[in-house]
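Engineer: Just so you know, the protein sequences line up as chains A and B, in that order.
Note that full-length UniProt numbering gives residue 91 to position 91 of the first sequence, counting from 1, and the numbers run on in steps of one.
Note that full-length UniProt numbering gives residue 60 to position 60 of the second sequence, counting from 1, and the numbers run on in steps of one.
Calculated directly from the structure, the hints in this document are not laboratory data.
The structure presented is a predicted model; accordingly, all values stated were derived computationally and were not measured.
Glycine residues also receive a C-beta, built at the ideal position from the N, C-alpha and C atoms.
Honestly, I wouldn't trust all of these hints.
Covered stretches of chain A (in silico footprint by chain B; criterion: 3 or more residues with CB under 8 Å from a CB of chain B, positions within the stretch not fixed) [as the list claims (entries may be wrong)]:
hint: 1; region: 199 to 213
hint: 2; region: 243 to 251
hint: 3; region: 428 to 442
Far from chain A, by Cβ distances over 10 Å, these chain B residues were calculated [said to hold, decoys possible]:
hint: 4; residue: MET1
hint: 5; residue: HIS4
hint: 6; residue: ASP7
hint: 7; residue: ARG30
hint: 8; residue: HIS44
hint: 9; residue: GLU78
hint: 10; residue: GLN101
hint: 11; residue: ASP120
hint: 12; residue: PRO121
hint: 13; residue: SER133
hint: 14; residue: GLY154
hint: 15; residue: GLU155
Which residues of chain A face chain B? A few of them, derived with a C-beta cut under 8 Å, are [unchecked claim]:
hint: 16; residue: ARG30
hint: 17; residue: GLY31
hint: 18; residue: ARG284
hint: 19; residue: GLY662
hint: 20; residue: THR704
hint: 21; residue: PRO751
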Amino acid sequence: MSFHASSVGATRYVGERTPRKEDGRLLTGRGQFTDDVQLPGMMHVAYVRSPVARGRIVSIGLDVAREMPGVQAIYTQADLAAIPVQMMSFFFTPIESPVTLLADGRVACVGDPVCMVIAESRAQAEDAAALVELEIEEETALVTIADARTGPLVHPDRDDNVAAEMGDADMLEEVIQPLLDKAPHVVTHTIRHQRIAQSPMECRACVASPEGSGEMTVWVGCQSPHLAARYVALVLGLPQESIRVIAKDVGGGFGLKNIPWREEVAVVVAARLFGRPLKWIEDRYEALTASSHAREQEVTLTIGLDEEGRLLAAWSDYACNNGAWPMGEDANIAVHMFMWPAHKLPAYGFVTRGWYTNTMGLGGYRGPWAMESLIRETTLDKAARKLGIDPVELRRRNLLYLPEQPVTSSMGIEVTDITPGECLEKLVAHVDIAAFRKEQAEARKEGRYLGMGIATYIEPTGSAGAMQPMTGETVHLRIEPTGKVVAMLSTHSQGHGTATTMAQVIADRLGVAYEDIAVFEGDSAIGAFGPGAAGSRQGVIAGGATWRATELLAEKVKAVAAHLSNASVEAVTIAEGMVHVEGAPEMSRSLKELAEIAYGDPARLPEGMASGLEAQFRYQPPPMTMTSAAHCCVVEVDAETGFVKILRWISAEDCGTVINPGVVEGQIAGGLAQAIGQVLLEEMPYDARGNPLAATFKDYLMPTMFDVPDFEYLHANTPSQTIGGMRGVGEGGCIIGPPTLVNAIADALAPFGEIEELTLPLTPARILDVIEQRDVSGRQAQPEKVAAAPVAAPLAPVPEVAEPAPAAPTGSVDGDWDMTLKAPMGGQTFLAHFDTDGAALSGYLSAPEGRQEFSGGMIDNGRMKFEVKVDKPMKITLKYDIQLDGDTITGKCRMGMFGTAKVTAVRPS
Amino acid sequence: MSEHRIDITVNGRRHTATVEARASLGEFLREGLGYTGTHLACEHGVCGACTVRVDGVAVRSCLMLAVQADGCEITTVEGLAAPDGTLHRVQQALQDNFGLQCGFCTPGVAITLAAVLDDDPAATAQDMEAAMSGHVCRCTGYQGIRRAIRQLAGEAV
Ligand code: FES
Ligand code: FES
């Protein structure tokens, strides 16, 4: 591989299947998971949860429970409220729904925690929890997205059940529909994605131990101890240094453990109140029914194509169920941002909304925006069948290949080095599609239904700089006087093997044995802030940080050795922990000898050089690094039983520099297994009263070894523009897996007809519905039919904009106003200045970040319309439509794809 | 809750302890005796993470009561490697083939495979795969576990 410089050690580690450093302890039962922590005087927590989906708490009877053996305390929200908490999202913005740690007067979903029992053992806590008498006045629950559109308010103090929305509904009529009307071919596809329980094998867990004066050590199953520590400090309004989070081993996260949520924060708060260490270990029933869930989306995509299958325009309408208490209100804008940047698509528009319902809240899950690939790739295959074009050929005509880049793609996303087309070519060269088609035709004659599915995708990885916690990574390295290397990293592994891959980079770039490197992570007291395993970022950013820090350390070693040997730095090489000087073999020294001098005898170092052999580097990578892939899978569908057997699966991915193929393939494979689960098995259904119906692993079907085939891998290795050239690979399998498999099944079922509307999971019963030509929409209960042409459901009304008053309003708008814009990412307040000249309106908006002038506006009877162009977070035009009424201004602002925001303004006080 | 005195040997070491009648063997091994290598991931007998050997037989320790193990010899994952630290060949095969990621399911997987091979040193890959039907792993997609099984069966990985 070309990226290896020649002046470091001869033993190569980057690119090798180096055995994992983590395995030693994990294989022998000597890891440290949160439940392994036992502290003197520690008490155990069990939660009392709401058995109804919606209602008013009439009474909480604690008398019987309090008398149970071992019970020390029972807390309700009234007790926990002694310590104020403002829950926040992963992006450190306040949660908008009125979420409290325990239910506050009302319950809004089954599983809502209502009380917290503290007892001497977990069993005693659970015994007592079962005896708390809850009286709840049950109300009709809103369960589905359809319920949310029409039902009463989930949160009575909110204006509507829209948790978040973006998109520009007017764009359909103004831009997209005319293009679709002219398109020779229009294809529409609808997908209903079921609700998923992330189900890491280790359930959530938290131990909180109050220490000193106001400090606390917290062991918590998380995806970054640094992020968990900052999160807890922020929501409690404490200095971050007061919270130390330790998470040495975590049994999987997958997005669920991005942030500590209500139960974990409640343990921290209760430990402060109770003054003793508390432990909460979630059981599987709670994990399935009362941990945040994921997915549950409905999407319709319409694409227009020309005669040759080239895309002309697309429109999509997306909705997702946020539940009652999402870990951040979400309309999943990323679905739309990443649906088309890899394609030549002239025009795309969408509306996208998240809805509150009386179900468990929405959390993260591997590739939260994965629906973009599922709807796009399945719609493209549907189009290929309709147009009679080979699906590979259809993709070739629409994908952006490397020679066409850089280019600003749809939604203003700059693509510079994506390779989905190149991955596709690699895949196609490897898989004999013609032979398969022959085999498929033969098989069909025998009543056997084979299918092949192909999909491509790109994935934003290693994001840094655009959102609060998504930032660079810091690495501290030192060569100890023992000659061993110690690395302190901001990374975190819940199975990712970051200690392994980072040690490989160090061994490779420094020229030391892998075994001589100790990596410390998993403790917020070690290293600097990093958000950990989120957004497929650690290999990219921490990898780059480690790469450069190691080079800095190697430079220092060489400078010291050159000085001691009176040689030039260029003459020094490091290999296998030995430092050699070219042409002077007698001058070779071990790193240990050099380190002893550097720490113990600094007078021998070059003039002015700091003592010791240490280096630190913080890496701020490009804002985003793209990973690409093309996958192919082959299935056989049993037309008698509806069972799907996956016969073959080939991944051609481009994640740049591969540090450890074993680790990279492990990430892809894990994601693909989850994808297979989503398409064929897993589902967290709710009944009409809002009861979650999968309470055990006998109801919630996790993929087993027999559901997952052997995967084949082709690595494309186009180095990225980051230090080291890595691209992220954590989420990809879970994003590209579902469309690959669905396309294969649809191909197998083609002789029977199209899957007009796809409802997941594709259980044998649903597949038999296709084979036997039944209505497979899964919407029998809902009479209305989705129209073939896209219909933009109106965005939820922005309540209530003052229409122009008939009588002339009083006063003048000229001068300064304090204006507030209630945007989807939170409210913004700034100074607005208006100047009028007859009907002409001009002025500026001014905030600490800068000032935007505008002109060309109009004012008529106090109604003002003007436009302001902004560059951040993207290039958009803000269209204001506001009304003066005495000394207040109210109205709205249309913000392109970010939807519409309420505007209010008053005169500065 | 009634308490019972039991006498139990874990990884060759004898322990005498008092246990609540309702305590599962898994809970007791972890909390009572500190063998935290045994993991509880579902506590209802589906996932296999809690598997230990009781008198040689692979058993779900979440479904067996500690009192039932009175007088039994238990092997947990801590007892698989040789006293000098050399990994059991099952552990070695799992490491060689990236058969684990987070490691939470791994103790159960390793114990089951070790039990299959102890019972029948000539066990085939198919035999071992069949035994994996009772194990859930959320991380690996089973690829490394299946390769480890082939290696243990002397097949091409
Ligand atoms: S914990 Fe025993 S089988 Fe899952
Ligand atoms: S390695 Fe994480 S569950 Fe198997």
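Engineer: Now, for every hint given, state plainly whether the structure supports it.
Structural biologist: Hints versus structure:
1. 199 to 213: holds (count 5)
2. 243 to 251: The restraint on the region 243 to 251 of chain A holds, since 3 of its residues have a Cβ under 8 Å from chain B and three suffice.
3. 428 to 442: violated (count 0)
4. MET1: Given that some Cβ of chain A is not farther than 10 Å from that of MET1(B), nearest at about 8 Å, it is violated.
5. HIS4: holds (15 Å)
6. ASP7: The assertion about ASP7(B) holds, with a minimum of 22 Å to chain A.
7. ARG30: violated (7 Å)
8. HIS44: violated (5 Å)
9. GLU78: GLU78(B) is in fact no farther than 10 Å from some Cβ atom of chain A, at 4 Å.
10. GLN101: violated (3 Å)
11. ASP120: Fine: 19 Å to the nearest Cβ keeps ASP120(B) off the interface.
12. PRO121: Holds, since 21 Å exceeds 10 Å.
13. SER133: With a cut-off of 10 Å, SER133(B) comes too close to chain A, as the shortest Cβ separation is near 6 Å.
14. GLY154: holds (18 Å)
15. GLU155: Correct as stated: the minimum Cβ-Cβ distance to chain A is 13 Å, above 10 Å.
16. ARG30: holds (7 Å)
17. GLY31: Since the shortest Cβ distance to chain B is 6 Å, the answer is holds.
18. ARG284: Hint on ARG284(A): holds, closest Cβ of chain B at ~4 Å, below 8 Å.
19. GLY662: holds (4 Å)
20. THR704: holds (6 Å)
21. PRO751: violated (31 Å)
Checked against the numbered hints given earlier, the structure breaks hints 3, 4, 7, 8, 9, 10, 13, 21 and satisfies all the rest.
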